[in-house]
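Visitor: Start from the sequences, fold in the hints, and give me the full structure.
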Amino acid sequence: AQTVTQSQPEMSVQEAETVTLSCTYDTSESDYYLFWYKQPPSRQMILVIRQEAYKQQNATENRFSVNFQKAAKSFSLKISDSQLGDAAMYFCAYRSAGANSKLTFGKGITLSVRP
Amino acid sequence: GAGVSQTPSNKVTEKGKYVELRCDPISGHTALYWYRQSLGQGPEFLIYFQGTGAADDSGLPNDRFFAVRPEGSVSTLKIQRTERGDSAMYLCASSPGQYNEQFFGPGTRLTVL
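Quick mapping for you: the protein sequence lines, in order, are chains U and V.
Going by this note's numbering, the first sequence opens with residue 0, and the numbers climb by one from there.
Going by this note's numbering, the second sequence opens with residue 255, and the numbers climb by one from there.
I should point out that these hints are in silico values taken from the structure, not numbers from a laboratory.
One or more hints might be untrue.
[As the list claims (entries may be wrong)] To give an idea of the chain V side of the interface with chain U (calculated C-beta under 7 Å), a few residues:
1. 295
2. 296
3. 297
4. 299
5. 302
6. 352
7. 355
8. 358
9. 360
[Said to hold, decoys possible] Heads up, simulated DSS-like pairs for lysine-lysine below, C-alpha to C-alpha not over 27 Å straight-line:
10. V/332 - V/271
11. U/106 - V/332
12. U/106 - V/265
13. U/72 - U/54
14. U/69 - U/54
15. U/77 - U/106
Each residue gets a CB set at the ideal place from its N, CA and C atoms; glycine is no exception.
Guide: Here is the structure:
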């Protein structure tokens with residue numbers, strides 16, 4: 000079974016600064032997908048960024064980028080130029096590339112942004 | 255367009271009662287997922303539908319939990335003989351197909367007294 004670990008329960012960043020959220024996972028599969036989801040307070044979860052395991056290039060989406068280290072099974076999210084609207088819970092998630100399409104989530108990390 | 259909707263947004267019930275939670279997926283999405291999120295935790299998979307059939311129900315915790323999707327659109331998660339430990343946020347997600355991005359609804363917060 001796959002597991003996703005987010006060991007930092009909380010982080011704080013100054014507005015306009017950069018912050019990195021950590022995630023490690025465990026799997027015996029060679030092909031899979033990794034995701035970062037954002038869950039703002041009392042609002043629904045939205046996809047921030049996605050990484051295919053077979054791609055060596057790290058995914059980027061505007062101010063969001065990942066550092067994907069397949070051998071180390073590490074998948075961190077970097078948020079550049081942090082904004083107040085980035086304050087939320089962030090979840091790292093794993094999905095097999097096979098027929099089983101369920102998401103396996105980490106415990107999440109609460110990110111606060113200081114003005 | 256409209257996103258995934260879930261009703262009710264909040265449900266308070268007493269231990270032992272029966273509850274139904276509804277999910278309206280994005281129109282045309284064939285895949286539908288239910289997850290349960292306890293306080294301070296990440297969502298945990300319950301069940302996945304592809305069309306009308308449950309393709310994977312391995313996450314249902316016991317036989318008190320059941321879900322249906324009779325016409326391949328709306329889904330209902332049914333919980334019998336509720337227990338206090340069932341209190342959680344129940345999230346629904348849909349996607350155009352099993353390999354596509356999952357879009358989440360706002361959730362139903364269930365409280366069992």
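Visitor: Please go over all the hints and tell whether each is borne out by the structure.
Guide: Status of each hint after checking the structure:
{"no.": "1", "hint": "295", "verdict": "holds (6 Å)"}
{"no.": "2", "hint": "296", "verdict": "holds (3 Å)"}
{"no.": "3", "hint": "297", "verdict": "holds (5 Å)"}
{"no.": "4", "hint": "299", "verdict": "holds (4 Å)"}
{"no.": "5", "hint": "302", "verdict": "holds (6 Å)"}
{"no.": "6", "hint": "352", "verdict": "holds (4 Å)"}
{"no.": "7", "hint": "355", "verdict": "holds (6 Å)"}
{"no.": "8", "hint": "358", "verdict": "holds (4 Å)"}
{"no.": "9", "hint": "360", "verdict": "holds (5 Å)"}
{"no.": "10", "hint": "V/332 - V/271", "verdict": "holds (11 Å)"}
{"no.": "11", "hint": "U/106 - V/332", "verdict": "holds (25 Å)"}
{"no.": "12", "hint": "U/106 - V/265", "verdict": "holds (24 Å)"}
{"no.": "13", "hint": "U/72 - U/54", "verdict": "holds (14 Å)"}
{"no.": "14", "hint": "U/69 - U/54", "verdict": "holds (10 Å)"}
{"no.": "15", "hint": "U/77 - U/106", "verdict": "holds (18 Å)"}
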